[in-house]
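All chains, full assembly: derive it from the sequences and hints.
These are the residues of each chain, in order.
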Amino acid sequence: MVTKLKVILTLCFVKIKKIMLAVKKKKSMKEIMTVYYMEAKTAKLSGKKVAWITSGGPVEPLIAMDIIPVYPENHGAMIGASKMGVDLCEKAEEMGYSRDLCSYARSDISCATVNGGPIGGLPKPDMLICCNNICGTVLKWYEIQARYYEVPLFILDTPFCHTEYSEEAKKYVRRQIEEYIAFLEEVCGRKMNYEKMDKVGRLSVEGQRLWQAVLDTATNSPSPITAFDAFFHLALIVTLRGTRIAVDYYKNLLEEMYQKVDKGIGAIPNEHYRLLWDNLPIWYRLRWLSNKFADYGASLVADTYTTAWCGTLKYIDVDNFLDSMAEAYSRIYLNIGIDEMAKNVIEMIDKYNVDGFVIHSNRSCKPYSLGQYDIQKIVQRERDIPCLVIEADMVDERNFSESQIATRIEAFMEMIKEQKGSWSRNSNYTE
Amino acid sequence: MDVLTEFYEILNDPYAYGQTCRDEKKKKVIGYFCSYTPEEIISAAGAHPMRLFGTRGEIALADQHLQAYSCSLVRGALEEVLNGRLDFLDGTVFPHTCDSIQRLSDVWRLNTNFRFFADIVLPVKLDTDSAKEYMVDVLRKFKRDLKKGLNCRISDEDLNEAIATYNKIRDHLKVIYGLRSKNPGIITGGDVYSIVKVSMIMDRNDLVKKLPELIENLKTRNVSEDRRDRKRVALVGSICDQPDIYSIIEKSGGVVVWDDLCTGSRYFEGIIEIDGDPIVSIAKRYIERQICPAKHVSLTARGDHLVAMANEHDIQGFIFLLLKFCEPHAFDYPYMKEYLEKENIPSMLLEIEDQLPAEGQLLTRFETFMHMF
Ligand code: SF4
Ligand code: SF4
Chain Z
1 MVTKLKVILT LCFVKIKKIM LAVKKKKSMK EIMTVYYMEA KTAKLSGKKV
51 AWITSGGPVE PLIAMDIIPV YPENHGAMIG ASKMGVDLCE KAEEMGYSRD
101 LCSYARSDIS CATVNGGPIG GLPKPDMLIC CNNICGTVLK WYEIQARYYE
151 VPLFILDTPF CHTEYSEEAK KYVRRQIEEY IAFLEEVCGR KMNYEKMDKV
201 GRLSVEGQRL WQAVLDTATN SPSPITAFDA FFHLALIVTL RGTRIAVDYY
251 KNLLEEMYQK VDKGIGAIPN EHYRLLWDNL PIWYRLRWLS NKFADYGASL
301 VADTYTTAWC GTLKYIDVDN FLDSMAEAYS RIYLNIGIDE MAKNVIEMID
351 KYNVDGFVIH SNRSCKPYSL GQYDIQKIVQ RERDIPCLVI EADMVDERNF
401 SESQIATRIE AFMEMIKEQK GSWSRNSNYT E
Chain W
1 MDVLTEFYEI LNDPYAYGQT CRDEKKKKVI GYFCSYTPEE IISAAGAHPM
51 RLFGTRGEIA LADQHLQAYS CSLVRGALEE VLNGRLDFLD GTVFPHTCDS
101 IQRLSDVWRL NTNFRFFADI VLPVKLDTDS AKEYMVDVLR KFKRDLKKGL
151 NCRISDEDLN EAIATYNKIR DHLKVIYGLR SKNPGIITGG DVYSIVKVSM
201 IMDRNDLVKK LPELIENLKT RNVSEDRRDR KRVALVGSIC DQPDIYSIIE
251 KSGGVVVWDD LCTGSRYFEG IIEIDGDPIV SIAKRYIERQ ICPAKHVSLT
301 ARGDHLVAMA NEHDIQGFIF LLLKFCEPHA FDYPYMKEYL EKENIPSMLL
351 EIEDQLPAEG QLLTRFETFM HMF
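Chains as they are written, first to last, in my numbering: chain Z, 1 to 431; chain W, 1 to 373.
Hints are not guaranteed to be accurate.
[Unchecked claim] Simulated DEER-style distance windows between Cβ atoms:
| id | chain 1 | residue 1 | chain 2 | residue 2 | range |
| --- | --- | --- | --- | --- | --- |
| 1 | W | Ile274 | Z | Asp87 | 55 to 65 Å |
| 2 | Z | Glu31 | W | Val297 | 37 to 47 Å |
| 3 | W | Gly57 | Z | Asp87 | 32 to 42 Å |
| 4 | W | Leu363 | Z | Glu382 | 49 to 59 Å |
| 5 | W | Asn111 | Z | Met95 | 32 to 42 Å |
Keep in mind the hints are simulated off the structure, nothing from the lab. Each residue gets a CB set at the ideal place from its N, CA and C atoms; glycine is no exception.
Structure (structure tokens):
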């Protein structure tokens, strides 16, 4: 039995190598992700350790230590996109988890016990890295998985920056970066190679810059990219940040975007209106939503979500990556007060020349959603553009009402049409 | 006047009481939400810390700011401040706990206009040296914020004096819990709950004198109804601002003898040392005290605590009170239930939206539960 398994695993391993070679040429997202997950799933064979890490967590030290990072949230997105969310969420509810909890957490918790979902479950972790810069949910979720898998848990506690990143917090987070590395060294039984760490830090910054540049091509009109495209291309900046693979991928993507801009090709055929999206994607209805908006000639050119993986570049010092990353990871979009979030939104509205603001009020994610109404008020006060609130959930389809949302989108697009006629900022638009 | 009667008078209209504190005692009133608020520092500043609860009324104004999927405590508190009922406050303090309170703090800061506002961004984990140090740093920062905001001085003597008062209060509350646990007939669960609640509202210098009186009275009380044969249960959850639940449990054949609530044992557990730096001592209590699920100290701390509680206070069953939409508690429930199951201790879950379910229905559920053991 054991030998049979070994043979299978070895075969898998050979296959990975082959695919990896192939990827060198093609580098499609699907292939990269397939190889990545296969490598993670056969980590035992290659003697590598696997760490589960939260999406906002500092992955660079893991890459530098040759640990394979795995993202339950990315997995959650895959579960959502493949419409397997409801089933897994219901399983979690049977286990006693309230339906009101984050659907990423619910689907991951139940998935672990049945090895379900689109890829038959995530590889078993050797350690868990939880950074609470996105929410308090991840703390509870990772505690649950640490009990389930009986593996060590490292918590990187990034104090919430309501109005400031205090001196006290700064000292605390900086010390934890050292503790983090000490933790990794202990679990792996070897030392951190700081030269490699430096390289990974540089690649991470390069990747983030490229990602920002890709998103920035949306300032063009028509925009070569929509938020829906960004949700798709996001996977690598989340999972493989700090690697050459991510850098190469985004270089190619950026090139592609530039070409489209040169040729005046828009992401949607008829860009009349430009919108900004707020909150996580509704994974199981991406296509429907994207078509719905496109039908009205509306392109969702930017969003507050995908910028989270490059939004704090300003705090990073490439020559002093570890030190500066403490601040960058503490001040990400979800770890700041809503007035500062509103400021970011307004900057994006101006930068991307946006006509309307689409707010996904996401039942699953309280830190992202509570406060949205106030952000909306601030935006309307400062920029007088129509706003639309869509009530839904990123993975749990039971909280999505298609007809209601379609009606709201229609009313919203009507408003935008009206407003644009009397609005001079986009005088180049002729309706 | 009978001490309890006096307490109930305050609880009948806590806001009027707060206003009196301000007018007559010339104290600044600082509202707060969570048992991680260092009340000692507020008292040492000569101000009056007063815990805020949700609302008894309809939610209307808060709906403009918070989605319906936030807990009734958070929405209710916002409603109260927006409709002007909290105008008597001089300010508010938000210790960092859950994601909902975190955002309530932002919404509050942007939509109210009190003289004083502070976030205390506490550490989320409490089990490392750096977190312990940060806890001290943050409390010091709060002390500075308070001094500046209220334009007052806070000396170490002031702090130690306040700590001594709170120590006494906590000790008295614990004695009351102990007396009830020994002989649940001497006082109703609803009364005990009200005593804890009033302790977060009343002037602590008055309170500390009243509690011993009450304790004396309890010790010599003629028991009208012996409840020693009842099923001994404990409540577990965040806050339980539902006094009626105690009498319904009593009607169903049970009696609440202990709890793990932030309006219960989590409020009074742990004594602060008066020795050395008072801020360090305050921090130490938070680090050693039984945690709230929004904090981390180990993977099993809360489960272990329940089992220990069951042994220490002879608890036969646990009732989990889950405020709808409360994430930290909802995440802990399945594991804690399992933990209890392993020890053959039965438990039940009661989800509360903003009001208790109808009494008849609740009674049946409790009765069924009490028959399990
Ligand atoms: S969706 Fe929101 S609550 Fe869930 S893990 Fe992500 S940040 Fe946390
Ligand atoms: S811990 Fe729970 S009950 Fe308390 S404010 Fe947060 S969500 Fe509400």
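Range agreement (Cβ of Asp87 (chain Z) with Cβ of Ile274 (chain W), hint 55 to 65 Å): 57 Å, holds
Has the hinted range 49 to 59 Å been met by the Cβ atoms of Leu363 (chain W) and Glu382 (chain Z)? Since Leu363 (chain W) and Glu382 (chain Z) have Cβ atoms about 54 Å apart, the given range 49 to 59 Å holds.
Beta-carbon spacing of Glu31 (chain Z) to Val297 (chain W) - inside the hinted bounds 37 to 47 Å or not: Holds - the Cβ-Cβ distance for Glu31 (chain Z) and Val297 (chain W), about 44 Å, lies within 37 to 47 Å.
For the pair Gly57 (chain W) and Asp87 (chain Z), does the Cβ-Cβ distance stay inside 32 to 42 Å? 40 Å, holds
Can you let me know if the beta-carbon spacing of Asn111 (chain W) and Met95 (chain Z) is within 32 to 42 Å? Roughly 39 Å apart at Cβ, these two residues keep to the hinted range, so it holds.
Of the numbered hints given earlier, the model fails none.
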